[in-house]
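S.K.: Here the protein sequences line up with chains F and E, keeping their order. Residue numbers for the first sequence, in this note's numbering: 1 to 112. Residue numbers for the second sequence, in this note's numbering: 1 to 115.
If you are wondering where the hints come from, they were derived from the structure by calculation, not from laboratory data. One thing to keep in mind: the hints can contain errors.
In silico BS3-like pairs for lysine-lysine, Cα to Cα no more than 30 Å straight-line [said to hold, decoys possible]:
#: 1; chain 1: E; residue 1: 11; chain 2: F; residue 2: 37
#: 2; chain 1: F; residue 1: 57; chain 2: F; residue 2: 104
#: 3; chain 1: E; residue 1: 78; chain 2: E; residue 2: 15
#: 4; chain 1: F; residue 1: 57; chain 2: F; residue 2: 37
#: 5; chain 1: F; residue 1: 104; chain 2: F; residue 2: 68
#: 6; chain 1: F; residue 1: 37; chain 2: F; residue 2: 104
#: 7; chain 1: F; residue 1: 58; chain 2: F; residue 2: 37
#: 8; chain 1: F; residue 1: 42; chain 2: E; residue 2: 17
#: 9; chain 1: F; residue 1: 37; chain 2: F; residue 2: 71
#: 10; chain 1: F; residue 1: 71; chain 2: F; residue 2: 57
#: 11; chain 1: F; residue 1: 104; chain 2: E; residue 2: 11
#: 12; chain 1: F; residue 1: 104; chain 2: F; residue 2: 42
#: 13; chain 1: E; residue 1: 11; chain 2: E; residue 2: 78
#: 14; chain 1: F; residue 1: 37; chain 2: F; residue 2: 68
#: 15; chain 1: E; residue 1: 78; chain 2: F; residue 2: 42
#: 16; chain 1: F; residue 1: 22; chain 2: F; residue 2: 104
#: 17; chain 1: E; residue 1: 11; chain 2: F; residue 2: 42
#: 18; chain 1: F; residue 1: 42; chain 2: F; residue 2: 58
#: 19; chain 1: F; residue 1: 104; chain 2: E; residue 2: 78
#: 20; chain 1: F; residue 1: 71; chain 2: F; residue 2: 104
#: 21; chain 1: E; residue 1: 78; chain 2: F; residue 2: 37
#: 22; chain 1: F; residue 1: 42; chain 2: F; residue 2: 57
#: 23; chain 1: F; residue 1: 68; chain 2: F; residue 2: 58
#: 24; chain 1: E; residue 1: 15; chain 2: F; residue 2: 42
#: 25; chain 1: E; residue 1: 15; chain 2: F; residue 2: 104
#: 26; chain 1: F; residue 1: 71; chain 2: F; residue 2: 58
#: 27; chain 1: F; residue 1: 22; chain 2: F; residue 2: 68
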Amino acid sequence: GENVEQHPSTLSVQEGDSAVIKCTYSDSASNYFPWYKQELGKGPQLIIDIRSNVGEKKDQRIAVTLNKTAKHFSLHITETQPEDSAVYFCAAPNQAGTALIFGKGTTLSVSS
Amino acid sequence: GAGVSQTPSNKVTEKGKYVELRCDPISGHTALYWYRQSLGQGPEFLIYFQGTGAADDSGLPNDRFFAVRPEGSVSTLKIQRTERGDSAVYLCASSLTAGGTGELFFGEGSRLTVL
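One chain only, chain F, in its complex shape (with noise of 0.2 Å):
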């Protein structure tokens, strides 16, 4: 089945830095790569997604790389402010294609 690892498990950034969260995974026939966050006692919510069929996507400061041949894809947020401070989870559709498989979690603090 579907594998998805994610790192690194936790990143501390200045305000105003940029952060690099990677994520691989295992199936080449995945065509679908989101990134949700998740913060204390909520949720997660769906920040940025990317299909199969473009390498990169990009809104205000937060943008999604896709590399298909190494099966890897990568959240690159820009200006960190205090409140991206929160889990980030990469996934990937299972083999089915009925579900989708979560990595580990980055937790991201921002310090002012």
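Assemble chain E onto chain F, guided by the hints.
M.R.: Frame of chain F, contents of chain E only:
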């Protein structure tokens, strides 16, 4: 509210007891998912409903876990003979898109503690 609603938000029970967790999805969302999240881990897939039927229940850990969605809207996750290892946050999500290729809208979860 227009979001996914889960009740109870917290449930404390004793080992061996029966527990029901309820999920009220966003109106019109035909896809519904249950996930389990342990401390410091990502959500772990349990079961996926498309309409009233369980389209994929491969994530249910054993036969103590069962879920229903009789009218294609509200879903109930049922856990029999609870064990301490069942302690986790149980997340429900709904989606307009069938399968795992669209945005999931999560509820805030039901935190289950088995003493």
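S.K.: Please go over all the hints and tell whether each is borne out by the structure.
M.R.: Results of checking the hints against the structure:
1. E:11 / F:37: Holds, at roughly 25 Å.
2. F:57 / F:104: 23 Å, holds
3. E:78 / E:15: Satisfied, since the Cα-Cα distance of roughly 15 Å is no more than 30 Å.
4. F:57 / F:37: Measuring from Cα to Cα gives roughly 17 Å; hence the hint holds.
5. F:104 / F:68: 21 Å, holds
6. F:37 / F:104: Holds, at roughly 12 Å.
7. F:58 / F:37: Holds - the C-alpha atoms of residue 37 of chain F and residue 58 of chain F are around 16 Å apart, at most 30 Å.
8. F:42 / E:17: 27 Å, holds
9. F:37 / F:71: It holds: about 22 Å lies between the C-alpha atoms, which stays within 30 Å.
10. F:71 / F:57: OK: residue 71 of chain F and residue 57 of chain F at ~17 Å, within 30 Å.
11. F:104 / E:11: Holds - the C-alpha atoms of residue 11 of chain E and residue 104 of chain F are around 24 Å apart, at most 30 Å.
12. F:104 / F:42: 16 Å, holds
13. E:11 / E:78: 13 Å, holds
14. F:37 / F:68: The hint holds at about 23 Å.
15. E:78 / F:42: Given that 30 Å is the threshold and the Cα spacing comes to 22 Å, the pair holds.
16. F:22 / F:104: 12 Å, holds
17. E:11 / F:42: Cα-Cα ~16 Å, so holds.
18. F:42 / F:58: 25 Å, holds
19. F:104 / E:78: Roughly 25 Å between the alpha carbons, so the hint for residue 104 of chain F and residue 78 of chain E holds.
20. F:71 / F:104: 17 Å, holds
21. E:78 / F:37: Between residue 78 of chain E and residue 37 of chain F the Cα gap is close to 28 Å, so the pair holds against 30 Å.
22. F:42 / F:57: Status holds; Cα separation ~26 Å.
23. F:68 / F:58: This hinted pair holds, its Cα atoms lying about 18 Å apart.
24. E:15 / F:42: At roughly 26 Å apart (the allowed maximum being 30 Å), residue 42 of chain F and residue 15 of chain E satisfy the hint.
25. E:15 / F:104: 27 Å, holds
26. F:71 / F:58: Holds, at about 19 Å.
27. F:22 / F:68: Roughly 13 Å separates the two Cα atoms, so the pair holds.
The structure is consistent with each of the numbered hints, conforming to all of them.
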